[in-house]
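Each residue of the sequence shown is one higher than the one before, starting from 1 at the first, in my numbering.
Below 30 Å or equal to it, Euclidean Cα-Cα: the simulated DSS-like pairs (lysine-lysine) are:
1. K40 / K57
2. K66 / K32
3. K40 / K66
4. K57 / K32
Because the hints were derived from the structure by calculation, they are not lab data.
Values in this document were obtained by computation on a predicted structure and should not be read as measured data.
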Amino acid sequence: MENETGNSIFAVIMAGGVGARFWPRSTERTPKQLLEVLGKGTMIQNTVYRLDPLVNKENILVITNKLQVDEVRRQLPQIPAENIVVEPVGKNTAP
1 MENETGNSIF
11 AVIMAGGVGA
21 RFWPRSTERT
31 PKQLLEVLGK
41 GTMIQNTVYR
51 LDPLVNKENI
61 LVITNKLQVD
71 EVRRQLPQIP
81 AENIVVEPVG
91 KNTAP
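Go ahead and model the full structure; you've got the sequences and the hints to work with.
This is the structure in structure tokens:
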């Protein structure tokens, strides 16, 4: 998909956190983004679903960590494997 200027639209989903504030429901291996919290689908699945009318699947990047990458790939088979990026070191969202 393109915006009004003809440029492709990309989305980056930052999903590498451990969900510490959602403990005890979330754990390091299964953080809140990989849990079904509000009805059908997990938080990350619902995020991709909401992006569907706005961004082509090949333009969605998911940033995760090495403990969660297999589950992210399992939950998001529609996202190209090369678009699921494993962060080398967790830095939260700030330096």
